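S.K.: For reference, the chains in residue letters:
There are 4 protein chains.
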Amino acid sequence: MDPLTTFDGRSLEAVRRDLHKYAEAGWKEFRTSALLAAELDDLGYEVSLGEATVDPDERMGVPPADELAAAKARAREEGAPEAYLDEMGDVTGVVATREFGDGPVVGLRTDIDALERQEAADDGHRPAAEGFASVHPGEMHACGHDAHAAIGLGVARAFADGGFDGTLKLFFQSAEEGGRGGKPMAASGHLDDIDHLFAVHVGLGEPAGTIVSSYDAPLSNAKLDITFTGEPSHAGGEPHAGRNALQAATAAIENLYGIARHGDGATRINVGQVSADNAQNVICEEATMRVEVRGETHDLSEYMLGRVRDVVDGAATMHDVEYETGLYGKTTTFRNDESMVETVEAAAAATDGVDETVSKEFGGSEDASYLVRRVQERGGTAVYLGVGASNPSGHHTAYFDIDEAAIDLGVDVIVEAIARSA
Amino acid sequence: MDPLTTFDGRSLEAVRRDLHKYAEAGWKEFRTSALLAAELDDLGYEVSLGEATVDPDERMGVPPADELAAAKARAREEGAPEAYLDEMGDVTGVVATREFGDGPVVGLRTDIDALERQEAADDGHRPAAEGFASVHPGEMHACGHDAHAAIGLGVARAFADGGFDGTLKLFFQSAEEGGRGGKPMAASGHLDDIDHLFAVHVGLGEPAGTIVSSYDAPLSNAKLDITFTGEPSHAGGEPHAGRNALQAATAAIENLYGIARHGDGATRINVGQVSADNAQNVICEEATMRVEVRGETHDLSEYMLGRVRDVVDGAATMHDVEYETGLYGKTTTFRNDESMVETVEAAAAATDGVDETVSKEFGGSEDASYLVRRVQERGGTAVYLGVGASNPSGHHTAYFDIDEAAIDLGVDVIVEAIARSA
Amino acid sequence: MDPLTTFDGRSLEAVRRDLHKYAEAGWKEFRTSALLAAELDDLGYEVSLGEATVDPDERMGVPPADELAAAKARAREEGAPEAYLDEMGDVTGVVATREFGDGPVVGLRTDIDALERQEAADDGHRPAAEGFASVHPGEMHACGHDAHAAIGLGVARAFADGGFDGTLKLFFQSAEEGGRGGKPMAASGHLDDIDHLFAVHVGLGEPAGTIVSSYDAPLSNAKLDITFTGEPSHAGGEPHAGRNALQAATAAIENLYGIARHGDGATRINVGQVSADNAQNVICEEATMRVEVRGETHDLSEYMLGRVRDVVDGAATMHDVEYETGLYGKTTTFRNDESMVETVEAAAAATDGVDETVSKEFGGSEDASYLVRRVQERGGTAVYLGVGASNPSGHHTAYFDIDEAAIDLGVDVIVEAIARSA
Amino acid sequence: MDPLTTFDGRSLEAVRRDLHKYAEAGWKEFRTSALLAAELDDLGYEVSLGEATVDPDERMGVPPADELAAAKARAREEGAPEAYLDEMGDVTGVVATREFGDGPVVGLRTDIDALERQEAADDGHRPAAEGFASVHPGEMHACGHDAHAAIGLGVARAFADGGFDGTLKLFFQSAEEGGRGGKPMAASGHLDDIDHLFAVHVGLGEPAGTIVSSYDAPLSNAKLDITFTGEPSHAGGEPHAGRNALQAATAAIENLYGIARHGDGATRINVGQVSADNAQNVICEEATMRVEVRGETHDLSEYMLGRVRDVVDGAATMHDVEYETGLYGKTTTFRNDESMVETVEAAAAATDGVDETVSKEFGGSEDASYLVRRVQERGGTAVYLGVGASNPSGHHTAYFDIDEAAIDLGVDVIVEAIARSA
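If you're matching them up, the sequences are chains A, B, C and D in order.
All you need for the numbering used here is the position in the first sequence, starting with 1, plus 10.
All you need for the numbering used here is the position in the second sequence, starting with 1, plus 10.
All you need for the numbering used here is the position in the third sequence, starting with 1, plus 10.
All you need for the numbering used here is the position in the fourth sequence, starting with 1, plus 10.
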């Protein structure tokens, strides 16, 4: 299975498998974006690419420039159409727009990034057995965004010859993992005229044939990267001459876990990655860590974030070191509009192959929340819906895969829902 | 043994026992100062009292005003001469000066405060058995400063009729315990014309009959009182609404003990008293602690003190609480002048009852260091000497006592040494 | 207002004021118990006293023997009837039983202990203005248990001449504050034949005239006293020779606050009192602290308690010190039986002076929970009800007081409810 | 400069440059050992190799088996003589013995391992400019052990035809960096018949032409690798279900830095590498760290090591995780025998090119200490001497290099000293 150099004429299943095999993690979706843009262009959509799809100041968790350059070079080698690669600059993502009539502006948001994890290689894993497991070490579509991209493309194809009396906008969003790409796309301006927005996720434990008309109550979440920088010295001869970044980091970690619970609802704090890399006889010069906070509400996660900042600031003062914090990613809460939920239910009821329609709590975090809120703040309505997909292993695991029947069924339901929104 | 209302005509042993029984802790030596001042005045010395003996801005570890008032009222009740009490204001201590001739200005520094500790009450303890154990609960002469005061008075008496061709200055210093009174007396101006200064300590493990011609290598030391102040809240209902002073204190303590050792020499850190006093269901509003740092040199203790300040400041920031730090006390290092050591050796050799003369390391901390340094900075010379006293139990313990023979012997040696300094 | 030497013939208001003035904190209610027992005896009830009212092995948070002895001596001085004092031994509390007929066994639980806090003394506080503020420093009825005791006595009086066809049991429980007396009384056996149990609390923010037919959803709670014991040493000379109890305590505190939140519901942790009392130059020998955990459910507070034990054990190991933990108190959750709630509602509806009947969440913790559970485990039913009391200041504050009209109204409603239970 | 396949016929400078270019870190010195063994064999020495040179139970800080296998395979590819590679098994190091006469058994210990660090590649660094910088990424002779190996070989050559009336033993020791190879070689038995032992180091800040007749007062040191292992869980959904290895590690680190200073002398503690590598939303499963302690004496470093073990054990208990500790390396103190120091001084005085002979404090740590002690315990004498080498940049830095004149001069002095030992 060589990399496709065009999606035109290929089934959505083939598109999904190609994206799965050449998985691109957040902010590295150069090939994905270029191939999608090429067909959307052919289909008659007006295409915005890369830098034009986000507010660049709002981008979070962007890998270093050399990693981005390597990812883009890889996309080029794997046959991504050059013209689109050139156009997108260093930023990924696509917004495709087409005006079919005077009706409302309806949007569909799908995310397109892979996860940073290694895919299973044994024959018990269908993508491996059938030759479309990721060939990019440490990058894998373990959350179904390959199917999301295919669904978005399917919807574009479905309306290629009209059938909807309004304007259709398709958002292929970068870097959903970690909550890095939603906020900048929401701030791009492209959402500002949307009347009705659909966002979609496959899988999440539901079987193929089930439609989730709304996912509710996502958690608000923020991820922070923190680096403490001190000064090294010889731990034997001059222990006093160093400024110990590790002592600052450990003081911070101990006190981060000690942030007071909140009386108004559930909060969470966790420190994931920690790294300090010195010889045993050198006072630590630099220590880095990655922190995540959550809250049942936006206010609760903001409370946690505020307390994290105090703790980190104080820890640096304690040990006379400098620090930098960077927001790695952020999501917020949202609520679905009842009218949109009803539209999805009606569309599902009208679609062959839908066995059941349910409504569920989300339980996780999603940066579609920023797009949903943007639309609602400007008077539009929105819904976050699900398409069951019988995945054999949990999301984010090495054996994640989906029942590909979900792709066409997802397209059908969404097309129907969009049509009903006009 | 009722409290004496005058020392005149009493033996030095009787004076010491009276001071022992009516022990006054640091900055509370109202009765001690008044009684000493009264006799010194009678003996023809010009007497400076209380406020006139210190730079008030330099006073450290001063008890609250109500405690001072109570101590002064107690002195009044116990028969301290009113006129002197009135004159000294809220500050204790005496400087007595008398010019006998044109020769050098020679000083003697003795400290007069008791310790804050309870004295043993059983008959195995001679002061209890013979009725002169402290009647002031929690105050006890457990370091021999009662004997120091008696020695100072003895020297004053010895020169009452001359016998020394110069000016004699006797410094009865308050609040040596904790290192609180030396710095302010050193800054008073009274030391500035001293040519030769003697300071004396009894006991310290040496038997009566032994003279220590110089104590060397004291440690530099600083004591800090720290109070963190946050805000209380109900730990069940609103744990987030408090600002937890105890979390700040514990973060501070953990990191204080973690202050880096210094490559240039020995340092010390300790947290003594810690107190937070809340119901279990209240987020802590206030936490107090007492910290001590030491260093082999002044620079090393200053290094520690600087690091303590960073840690405390950072801990407060971490937990969004306020804090105050107060210097409870401070000592520095000093060196003895060889010429003065020789004077002491010669005086000891010329004094009946002296069995042995030795030179020793001090091992502890002393705020006479500030007086010694003040004299030396202005061109004078100084020595810190010792008088053995066969104490049955260690300094600062509940059973501390001394062989009172040390008092007269101490007077003899010092009188001889002063005479030889002219 | 001299202390009463008998309650007979006194109004419930006078009884309450007498108990308020001679407030006795948990496990010290000798006078309260003796006076209640004397009248209950006179009224014809069979009286169990002190040791006979609890399983002594289950008692928690018992003050030291000398404190108990002093409290009992004080009760004697204040005129508590000697015979009952003698009978109760070192334990307080009363269970009074009387069989009126063959009907069900109905219980009423009231708690009788004061809080450990100082009462306000100014005229703005009615008990002070009218001469019945507590004369026992640091002990105060700031939670209305004086009124509870009076209500219990009022119910006993109401049935003195019958009017109820069954057996009545009145539980005057010690040491509710801190959750120390409920568990041992529940384990005494006295609850084992109860068919219907009422427990009552006054105030809690409701005005006089309001009856709370059930308080629901109390938190499960445990309080732990922890003492770390190391070895002292001189912080300057031999810092290594100590075993630092304070370092153990601070390591524990930091990590206690860091105990992971639980995914199944709300948990709480707090450290209230902390004390380490050393000179600054002594490595800390002993440090004590008081910890409280809570959980939305019994399992959640047990999770917290288990984690506390790990943390404390590990902290002691870290610093090579010993430790002891003692359960200071414990409460659990409970649910009210619907049939009992309906009985209270009906009784309230039938009682003059009741303006409104409501049902509420409790929000706090209560060791009546153990009595409720004991009854329910053996097939009985129970309810925890409230009597509004227009208190001018919050519970547990220095200005707490109640509208005494609540006492008679409480008696009326409970008498009616008991009568309806037969 | 292709890798040499034999040292025979090459100058010591060429040998040193070859070893420098194909630098092998501790326990990976397969090529170094094989090439040395081959020539020593040719020169008539009886050669012990690898496993036969150590007590395998005493080896510390041994890399994983796959790393060792890769290092050995690399040695094979780079032309190391196969027969010697085969003979040495998985262990490196050489002991070469030759009996020339009936005189004493004299030993020379040189160490042969490179450091784990990247060498500078720019032309300002002579090894890079002249083509002999290390071609093994992350391995570099930055401490002069390449020169030590060359000196050892030079001494072997010097005595190839006799000139010494005794037995010569040459110890080419593995893994000195980190103190990993000295203890196992000392326990091998090969040292047990040594009468006089020389150990040598080049550089250390002295210029070429200077001989250090003895390095004194090395620090005792121990390095520990610690891994905490808990259990992961989702930080949002089930934070309580994890067992947090990172919390254990941070509790340990805070308290490690807080280990009490020792009254008997200087101690040191440092945590170098720390690593925990989880996604932000996963409770940490594994955290690793590397710790180093030092002491002015063996007892002081043992005190620190004992306290480290307590802290780590307690931290694991606190957070209910498992842990493993492994000794990464260890050194001890030693003293030089005066007779041996005099021998070196005499040899230096008799050697052309020696400008100056000095004696110095060592300041660092050395596992030659174990060999020195072994010899002395069995009645022999030993000295640790230095050969100045005008290094342009500090030891262990990326720009370290030496004046190669030191090699021949070192050989001359040592040959003279050995000859004088017979």
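Keep in mind that the hints were calculated from the coordinates and are not lab data.
The model shown is predicted, which means the values in this text are computed figures rather than measured ones.
Keep in mind that the hints are not guaranteed to be accurate.
One copy or two, it doesn't matter: identical chains are merged, so the pair holds either way.
[Unchecked claim] Straight-line C-alpha distance at most 25 angstroms; calculated SDA-like pairs for lysine to any residue: (1) Lys370 - Asp274; (2) Lys370 - Glu248; (3) Lys370 - Ala276; (4) Lys370 - Pro13; (5) Lys370 - Gly148; (6) Lys370 - Asp203; (7) Lys370 - Val292; (8) Lys370 - Pro74.
S.K.: Which constraints among the numbered hints does this structure fail? Numbers only, ascending.
M.R.: 4, 5, 6 and 8
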